[in-house]
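Undergrad: Going down the list, the sequences are from chains A and B.
Number 184 in this note's numbering belongs to position 184 of the first sequence; there are no gaps in the numbering.
In short: position in the second sequence from 1, add 1000, done, that's this note's numbering.
Source of the hints: derived by calculation from the structure; they are not laboratory data.
Everything hinted at is true.
Residues on chain B that point at chain A, a partial pick, calculated with CB under 8 Å:
#1 I1050
#2 R1052
#3 K1071
#4 E1072
#5 R1075
#6 I1077
#7 P1081
#8 R1083
#9 V1084
#10 S1085
#11 Y1087
#12 N1089
#13 L1090
#14 K1103
#15 Q1142
Facing chain B, from chain A, some residues (calculated, C-beta under 7 Å):
#16 A5
#17 A8
#18 K12
#19 K19
#20 S20
#21 R86
#22 G87
#23 T88
#24 D90
#25 A94
#26 P96
Quick caveat: nothing in here was measured; it's all calculated off a predicted structure.
Idealized CB from N, CA, C, for every residue including glycine.
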Amino acid sequence: MFTDAVRAIARKELSDKLKSRWVIVIGTGFAAFTLVISYFGGATSGVAGFREMDATIASLTSLVTYFIPILALTLGGGIIADEHDRGTLDIFLAAPITPAEFIAGKFLGLALALSIALAAGLGVSGIVLMIHSGMKAVLSYGLFMLNSAMLGFIFLSVSFLVSVLFRERAKVIAFTVFLWLFFSVLYDLGLIGLLIVTKGSIGNGVFSAFLTLNPVDVYRVLNFLSIGELKVFLGLVSVELPVYMKAPALWAVSLAWMLLPLVLSYRFFKKRYLA
Amino acid sequence: MIELIDITKKFGEILAVDSVSLKIREGEMLGLVGPNGSGKSTLLRMLLGISRPTSGRLLVKNEQLTERGWKELRRSIGYMPERVSFYDNLTGRETYSLFARVKGGDPRSATEILKKVGLENAADRKVGGYSKGMRQRLNLAQALSNDPTLLVLDEPSSGLDPVGTREFYGIIDDIRTRKKLTVILSSHILAEIEDRIDRVAVMKNGSLKAMGSLEELYTSLNLPLKITLSVNGTGAAIAEVLRTAGAVDVVYKNDRIDADIPRMDKIKILSALMERKEGVKDLSIREPNLEEVFFGVH
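This is chain A alone, in the form it adopts within the complex:
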């Protein structure tokens, strides 16, 4: 799968994002945000300063659930339409590569660019926090970074599907904003509404299943599992998760969330551009 062509396409995407300073701008901005939140995250309780790692992760989780999905969606949303507009798509289609190699190369390159930006953005805070709190929470912060990267990959994958489905940039942007709003805000409002309407009678099993249908919630739950006691910060205090909802299962769900849009992108790409 990691053919020369895949590597070449991935390298081009990464190089493009590095040269356009996308990675630097996003990484720096993200680092600034995370540092501010790490320092002032407890300000509502009248305390400013770096807190325990778990508390900081809880605060950062809220930032990430808004920031990373929109970042990833805009990163990949126009990827196919751009190639089409530039006229380069036909060169790729006429090259001795499969559509799967083309999509894989694009995805890998952008995923790497996103990972570098995230590593820079979250890493700076991580280092500051470790200097302040010591190495004891390094594992949970590491897991938090991995979960965040996975969330980014999921929305990058969704953005590829958007890119294949819509050729016009205006439609891509509109649908991207809608998806972000849906997954980051509206879905949870809907779930809360469902709980209210049903007076909580739908049961934890069904509720948990609904959570897995939203990758943002899967991400929240993954972080909740890693920090345990501070679930109140995640707004999940009233929910008892079923026993099967452990990190490996949620990682599997996340992986499925990442792969399914990519597979669909491949199918629609073939149908649209190779018919």
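Given chain A, put chain B in place with the hints provided.
TA: Frame of chain A; chain B shown alone:
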């Protein structure tokens, strides 16, 4: 050899290519001409395996290709799409290397090929600063990056000035003198390619209207020769002589007469002119050019 047998392509209700059959011979330069929307690009896309025919067969060396077969064939195809702007942040060399790697070519050939297309001094500049003509040269460079034996050029001179166009075809001619290269060249600027192609396929409204060498087309279509006379005051009388002798579409204006001469009447018409030679200052007769052949095909 590539053979298209009764190829049809529909997009919904729109018939883009209608029962086209043609053979592309190894080593030839085939011109594919027709106005915009005549189905040229769709036909090229099917020849590249990008688009699948709705019906008909496409054979390469007498075999219908599988998906794997297409992938293999594309290793030897260089394709230059009509309009490519490339990536503003990459240099010419990086762009070349990208496509060379994707197409199984050697990225180390960048210096040589970019020099060949006249971009040696701009190879390490970002493509964002390239002119349209330079981007078109880069487009040719990427098409050559896998050392192809089949070169498919879609409106290649678009964006090039006359000097650039001449240089462009010079590069193609140079390659063809050194190796056996089949070239399929699509254009709607007919006069530009008629001196360069071995055969021409004329498309109109998705159909193949004519196919063959220019000589074959001229003969089979029996198109009239073009005569132009420079006359000195007796033009109206000479125009009448031409008409009487069988010339058609005679136009007399500003001491100049343009007319079409049916091939079978050319001796008769020239003889009639000889009798009025005192009124003729100059005369030229020529074959109709490809554009006239093209618009003569109905």
